[in-house]
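Take a look at the letters that make up each chain.
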Amino acid sequence: MKYTSQAVAKPYFIAAIGLFLAQVIFGIILGIQYVIGDSLFPEIPFNVARMVHTNTLIVWLLMGFMGAAYYLIPEESERELYAPWLAHLTFWVFLIAAALTVIGYLAVPYARLAEMTGNDILPTMGREFLEQPTITKVGIVIVALAFLFNIGMTVLKGRKTVVSLIMLIGLLGLALLFLFAFYNPTNLVLDKFYWWWVVHLWVEGVWELIMASMLAFVLIKTTGVDREVVEKWLYIIVALALITGIIGTGHHYYWIGTPEYWQWWGSIFSALEPLPFFMMTVFAFNMVNQRRRNHPNKAAVLWALGTAVLAFLGAGVWGFLHTLAPVNFYTHGSQITAAHGHLAFYGAYVLINITMISYAMPLLNGREANSMRSQVLEMWSFWLMSVSMVFITLFLTAAGILQIFLQRYTETPLPFMVVQEKVALFYWLRVISGLVFLGGLGTYIASFFVAARDAKHPQALDAGPMPSSPAGV
Amino acid sequence: MAQVFTKSMARNIFYGGSVFFILLFLALTLDTSFALPERDQRHQLDLSTEVGQRIAKGKVLWENNNCIGCHTLLGEGAYFAPELGNVYTRFGNSKEAIKAYIQSRPPMGIPGRRSMPQFNFTDEELDAIAEFLKYSSEIDAAGWPPNIQG
Numbered sequence: 001m002k003y004t005s006q007a008v009a010k011p012y013f014i015a016a017i018g019l020f021l022a023q024v025i026f027g028i029i030l031g032i033q034y035v036i037g038d039s040l041f042p043e044i045p046f047n048v049a050r051m052v053h054t055n056t057l058i059v060w061l062l063m064g065f066m067g068a069a070y071y072l073i074p075e076e077s078e079r080e081l082y083a084p085w086l087a088h089l090t091f092w093v094f095l096i097a098a099a100l101t102v103i104g105y106l107a108v109p110y111a112r113l114a115e116m117t118g119n120d121i122l123p124t125m126g127r128e129f130l131e132q133p134t135i136t137k138v139g140i141v142i143v144a145l146a147f148l149f150n151i152g153m154t155v156l157k158g159r160k161t162v163v164s165l166i167m168l169i170g171l172l173g174l175a176l177l178f179l180f181a182f183y184n185p186t187n188l189v190l191d192k193f194y195w196w197w198v199v200h201l202w203v204e205g206v207w208e209l210i211m212a213s214m215l216a217f218v219l220i221k222t223t224g225v226d227r228e229v230v231e232k233w234l235y236i237i238v239a240l241a242l243i244t245g246i247i248g249t250g251h252h253y254y255w256i257g258t259p260e261y262w263q264w265w266g267s268i269f270s271a272l273e274p275l276p277f278f279m280m281t282v283f284a285f286n287m288v289n290q291r292r293r294n295h296p297n298k299a300a301v302l303w304a305l306g307t308a309v310l311a312f313l314g315a316g317v318w319g320f321l322h323t324l325a326p327v328n329f330y331t332h333g334s335q336i337t338a339a340h341g342h343l344a345f346y347g348a349y350v351l352i353n354i355t356m357i358s359y360a361m362p363l364l365n366g367r368e369a370n371s372m373r374s375q376v377l378e379m380w381s382f383w384l385m386s387v388s389m390v391f392i393t394l395f396l397t398a399a400g401i402l403q404i405f406l407q408r409y410t411e412t413p414l415p416f417m418v419v420q421e422k423v424a425l426f427y428w429l430r431v432i433s434g435l436v437f438l439g440g441l442g443t444y445i446a447s448f449f450v451a452a453r454d455a456k457h458p459q460a461l462d463a464g465p466m467p468s469s470p471a472g473v
Numbered sequence: 001m002a003q004v005f006t007k008s009m010a011r012n013i014f015y016g017g018s019v020f021f022i023l024l025f026l027a028l029t030l031d032t033s034f035a036l037p038e039r040d041q042r043h044q045l046d047l048s049t050e051v052g053q054r055i056a057k058g059k060v061l062w063e064n065n066n067c068i069g070c071h072t073l074l075g076e077g078a079y080f081a082p083e084l085g086n087v088y089t090r091f092g093n094s095k096e097a098i099k100a101y102i103q104s105r106p107p108m109g110i111p112g113r114r115s116m117p118q119f120n121f122t123d124e125e126l127d128a129i130a131e132f133l134k135y136s137s138e139i140d141a142a143g144w145p146p147n148i149q150g
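Protein sequence lines correspond, in order, to chains A and B. Residues 1 to 473, numbered by full-length UniProt numbering, are exactly what the first sequence covers, in order. Residues 1 to 150, numbered by full-length UniProt numbering, are exactly what the second sequence covers, in order.
Hints in this document: simulated from the structure, not taken from any laboratory. Where a beta carbon is used, it is the ideal one built from N, C-alpha and C, also for glycine. Watch out, some of these pointers could steer you wrong.
Facing chain A, a subset of chain B residues (Cβ under 10 Å, in silico) [unchecked claim]:
#: 1; residue: P82
#: 2; residue: A141
#: 3; residue: N147
Here are the simulated BS3-like pairs of lysine-lysine, each with C-alpha atoms no more than 27 Å apart in a straight line [claimed, not checked]:
#: 4; chain 1: B; residue 1: K7; chain 2: A; residue 2: K157
#: 5; chain 1: A; residue 1: K221; chain 2: A; residue 2: K456
#: 6; chain 1: A; residue 1: K221; chain 2: A; residue 2: K10
#: 7; chain 1: A; residue 1: K2; chain 2: A; residue 2: K456
#: 8; chain 1: B; residue 1: K7; chain 2: A; residue 2: K221
#: 9; chain 1: A; residue 1: K2; chain 2: A; residue 2: K157
#: 10; chain 1: A; residue 1: K157; chain 2: A; residue 2: K10
#: 11; chain 1: A; residue 1: K160; chain 2: B; residue 2: K7
#: 12; chain 1: B; residue 1: K57; chain 2: B; residue 2: K95
Using the sequences provided together with the hints, build the complete structure.
Okay, structure coming up:
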């Protein structure tokens with residue numbers, strides 16, 4: 001690393017991976033509860049495990065974004081971080097708040113947690129993905145403001161690049177749109193309408209800016225392609241993301257009580273939403289093909305290319321699959337949604353965070369790249385996690401198609417619970433894929449320890465021949 | 001492409017396009033907010049009426065017990081338990097049936113099967129939840145869900 005203050009990124013990355021592990025373990029618990037309905041009941045009911053699964057996802061992705069920003073912004077701005085101590089402080093505030101929140105979910109019934117945290121003073125809890133107690137939400141805002149101040153001041157006082165500017169706009173949008181988490185009217189239609197201003201405009205809006213800027217940064221560094229070229233691509237990708245994604249919010253407005261014209265707006269614009277992801281894939285492969293240097297961190301390049309491809313598949317293709325209103329009429333709220341959600345989040349946001357971690361961690365540890373042995377492990381973990389996630393998606397899609405047919409499309413529609421039992425085979429297959437995914441994550445974590453050991457004893461590596469890469473990168 | 005299409009053109013598309021579509025989105029939001037009173041049953045939410053108070057209390061109970069963590073409501077939530085946006089009609093337009101169902105949940109679950117917890121709601125709370133679900137079923141959701149099974 002070039003600037004000592006970049007080191008603050010390290011605890012963020014480590015905590016992110018720790019939370020990722022928790023997320024996957026709770027995902028497997030959920031998968032088992034789908035097929036053995038009474039497992040862990042009543043100690044950990046499904047809704048509690050699900051809150052832990054989705055909330056740890058959000059928090060670890062945010063941890064990853066923050067770590068990425070603390071690494072990337074000083075290097076782009078060509079100066080030290082404005083206030084490294086503040087970054088350290090907010091890390092601990094964020095981590096402790098997240099841990100306490102998860103403990104709260106697991107230790108007491110949700111209604112008790114709502115009571116303990118004064119939810120009746122400002123009710124914000126109990127809405128999907130926004131289940132955090134109000135005080136946690138306030139904590140998130142404070143952490144986000146401190147973080148933005150730190151990043152913003154660094155950018156202002158240093159060199160301003162397109163990468164840091166796009167990232168800053170993304171992070172500003174992220175903080176601003178989260179404020180709608182505090183708006184919770186009794187009117188269910190209004191509640192849902194503005195709930196999407198956080199959920200959709202994050203995931204299909206400002207997060208894409210953060211993601212694209214992280215991808216651009218890693219590609220600049222690993223390929224040595226001219227910054228001018230990368231920045232032009234970056235502008236076009238994020239322009240397309242916002243042009244399609246903002247009105248694309250309409251695909252969530254079809255069936256929650258809003259006027260029918262949203263079916264047109266939503267269908268047309270969300271049909272265009274795969275475009276920025278397609279552009280991103282073309283961009284990533286183009287940059288790697290035109291590379292002017294062979295960066296020794298081949299694993300990072302694999303993660304970056306994987307991000308581009310799987311984000312296009314998950315967010316682009318699987319999103320388009322059920323985004324047109326006449327199709328969505330049948331798929332809305334079925335396992336198809338779950339299938340899309342899994343591959344989209346994995347492809348876009350899990351992989352971009354790992355790409356950044358994979359690129360930055362060796363540098364934070366004082367080496368340009370990890371030993372080949374460690375990189376081979378990383379590449380194995382990429383394939384294990386990615387292939388098993390594709391299978392999770394395929395099995396959930398199969399379950400979804402059957403569910404829609406049996407429950408919504410036939411002349412004699414069957415009740416929800418009857419249908420769930422009929423499609424259980426696919427849920428079993430999903431659990432098995434989930435276990436392979438956990439194995440992949442274990443391999444990824446193991447690669448860090450191998451890297452550390454190899455760095456300590458470099459002479460041991462010179463003795464034997466280098467193992468070849470299974471990835472062909 | 002490099003000469004014809006410059007970086008500053010790309011930048012202008014980004015800023016111009018984003019601002020244009022943000023404004024368009026805000027305009028559509030404004031139009032929607034004028035159209036909503038026809039569709040969202042807001043007259044039921046009047047807190048000076050008993051029904052309005054019950055719905056408000058029902059929604060708080062719905063949220064405080066994280067019902068969305070298993071069920072969907074108008075298609076959003078978790079996919080572990082049945083859709084409840086139309087549970088009122090599925091249960092034969094009967095609030096009593098909804099209340100009886102919630103009350104009848106076995107505290108230790110059903111062996112091997114998914115089970116809703118026993119929340120031990122008071123009669124007044126059950127009334128509120130049933131009223132909230134009735135209100136949800138009356139929102140004009142453009143004909144969704146496709147049929148009674150949700």
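Consistency of the hints with the structure:
no.: 1; hint: P82; result: 4 Å, holds
no.: 2; hint: A141; result: 5 Å, holds
no.: 3; hint: N147; result: 5 Å, holds
no.: 4; hint: K7(B) <-> K157(A); result: 24 Å, holds
no.: 5; hint: K221(A) <-> K456(A); result: 26 Å, holds
no.: 6; hint: K221(A) <-> K10(A); result: 19 Å, holds
no.: 7; hint: K2(A) <-> K456(A); result: 22 Å, holds
no.: 8; hint: K7(B) <-> K221(A); result: 20 Å, holds
no.: 9; hint: K2(A) <-> K157(A); result: 17 Å, holds
no.: 10; hint: K157(A) <-> K10(A); result: 23 Å, holds
no.: 11; hint: K160(A) <-> K7(B); result: 15 Å, holds
no.: 12; hint: K57(B) <-> K95(B); result: 15 Å, holds
Violated hints are absent here; each numbered hint is respected by the structure.
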